[in-house]
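Protein sequence lines, in the order shown, are assigned to chains A and B. What the first sequence shows, in my numbering, is residues 1 to 333, in sequence order. What the second sequence shows, in my numbering, is residues 1 to 231, in sequence order.
These are calculated hints, taken from the structure and not from any lab test. Heads up, a few of these hints could be off.
Claimed, not checked - Dumping the calculated SDA-like pairs for lysine to any residue here, alpha-carbon to alpha-carbon at most 25 Å:
hint: 1; chain 1: A; residue 1: K56; chain 2: B; residue 2: I129
hint: 2; chain 1: A; residue 1: K135; chain 2: B; residue 2: N128
hint: 3; chain 1: A; residue 1: K253; chain 2: A; residue 2: T318
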Amino acid sequence: MIELKNLSKSFVTADGTVEALKDISLSINDGEIFGIIGMSGSGKSTLVRCINMLEKPTQGSVYIDEKNIGTLSSKQLRAERRNISMIFQGFNLLMQRNCLKNVLFPLELEGLKGEKAKQKARELLQVVGLADKEKVYPAQLSGGQKQRIAIARAIATNPRVLLCDEATSALDPQTTHSILSLIKEINQKLGITVVVITHQMSVVEEICDKVAILDNGEVVECGKVSDIFSSPKSKAAKQLVFPEGEQNILPRKENEHHIRVVFNGAVAAKTPFIANLAKNKGIAASILSASTKSIGKKAYGNILLEINADKTKIKEVTDYLNEFEDIFVEEVE
Amino acid sequence: MFDSESFQSAWQIIKTEIPLAIWETFYVTVLSTFFAIIIGLPLGVLIVAGDNGRVLKIPKLILKAIDVIINLLRSVPFLILMIVVFPLTRLIVGTVVGTAASVVPLVIAAFPFVARLVESSLREIDPNIIETAQSMGATPFQIVIKVMIPESVPSLISNATIAITTVLGYSAMSGIIGGGGLGKIAINYGYYRYQYLVMIFAVLFLILLVQIFQSLGTFLSKKFDKRLKQN
Ligand SMILES: Nc1ncnc2c1ncn2[C@@H]1O[C@H](COP(=O)(O)OP(=O)(O)OP(=O)(O)O)[C@@H](O)[C@H]1O
Ligand SMILES: [Mg+2]
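One chain only, chain A, in its complex shape (with noise of 0.2 Å):
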């Protein structure tokens, strides 16, 4: 269990201080995907950072199962580290080291050496797919298989959390995929817990259980990712979640109002409520926008409606629908 304390960091730089961090408390339980999404700049690397203490808090503390690892040592902070590893957006490999030796630097690192150092480091070149990559160096290597290498490091001193701070950001959708897919498989299979941070939806949705909003060093929002998705609250979780739309698509006359439709799950989804709307209520709706994703199992609909009528009537219309089930309505501005 990861818990963050009242956390703040702040930068001092020739221009003043730069609150990156303001008042951060959150958990991330055992075995959870916890995603920390945010725009460019909103804090995020300094935030995973502050987990392993690359950066040291300036209030607040983190807790690591229960130990507070702001006090601890130098020497205890580098044996806390061995549980403690962290991917990067640029994979950060050894570039003069083959990839063999890339594993192994984690192992020497503990003293591990010969013969069952090697065994383990193949085995990790296994477990992330690139066996026959032994002997090569990683200049050679896609910037996907230079991630496997380096996840392939990361996992090699069995640690319980892993920190992956944008580390598909550098890579096109496709390998995101697979990279993403790896990253789900060792959290499965050893139970590691896993904090991906990330400025893009889609790796959320992807992968993460939970997800926390930051926005401008404050977490806006937390929760699991389907609530998040169906009935974002805060401005910067509406943002991540319809990037196309707060703006007007379309310039608006008066009394043309923009209805967003969240729907979530398959009962929602099969409810015919644009038919239900016409004939109950007596209004037409026209469709701007559809779209429909899946996260975790279930499917999520996104409808952006514009609907011709004053603001009483507006109003009769989002009550209505938010009556359903599982369906989330919001007039957008």
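Following the hints, complete the assembly by docking chain B with the ligands onto the known chain A.
Frame of chain A, contents of chain B with the ligands only:
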């Protein structure tokens, strides 16, 4: 000047003295560079590792002192440095003339230069790689031995080549005041006795030595660089 008689005598000198001089120059250069690396490499490592306390927590005052000493030594012209360190040379070697004696001033002139070269090599390393090692719980010593130095081997080799060719030049200069080798021959015969042919030969062999060191250095640097795709 190049009539057959003087040519004969020049050829005689070249035959009898040049082979030994080449050997002297070679070993003085290699030995001095070796000692300069022994002293300069740790200093270069300290400068980079101690920078902002990123890898090693070294008191600022010590870092500043290293910096000042290096700059001081680097700014004294080699010939003057040679004279200044005469007492030290006498203390270590017992004499201030001869090939062995020139090793002392050469090392003192070269180690600050080597320290700067090492510094520039180590600064080329991606700081993220060092941070990754830290995130794995590497000790400062492990970071130096397993990350900083191995990752900059190609650059260290090419800078060692620069160091050795520079030392070669200094060693030739040391021929003016007591040092041995090709430099001494060039000065003794070319400057004092107007045997230009001998001087030209001595210089040609100096050039050849520089070429050999440089080609070897370039070859090794490339061979050890695993970032190059053809490996
Ligand atoms: N070492 C530092 N010194 C000064 N300011 C810093 C430092 N590191 C981060 N910051 C500032 O803290 C804020 C958060 O930075 P951080 O790198 O955590 O953002 P991020 O969410 O990871 O962004 P990105 O998606 O671009 O990686 C930014 O305003 C940044 O300028
Ligand atoms: Mg970042």
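Fill in: Unmet hints by their number, sorted upward, for this structure
Of the numbered hints given earlier, the structure breaks none, since each of them holds.
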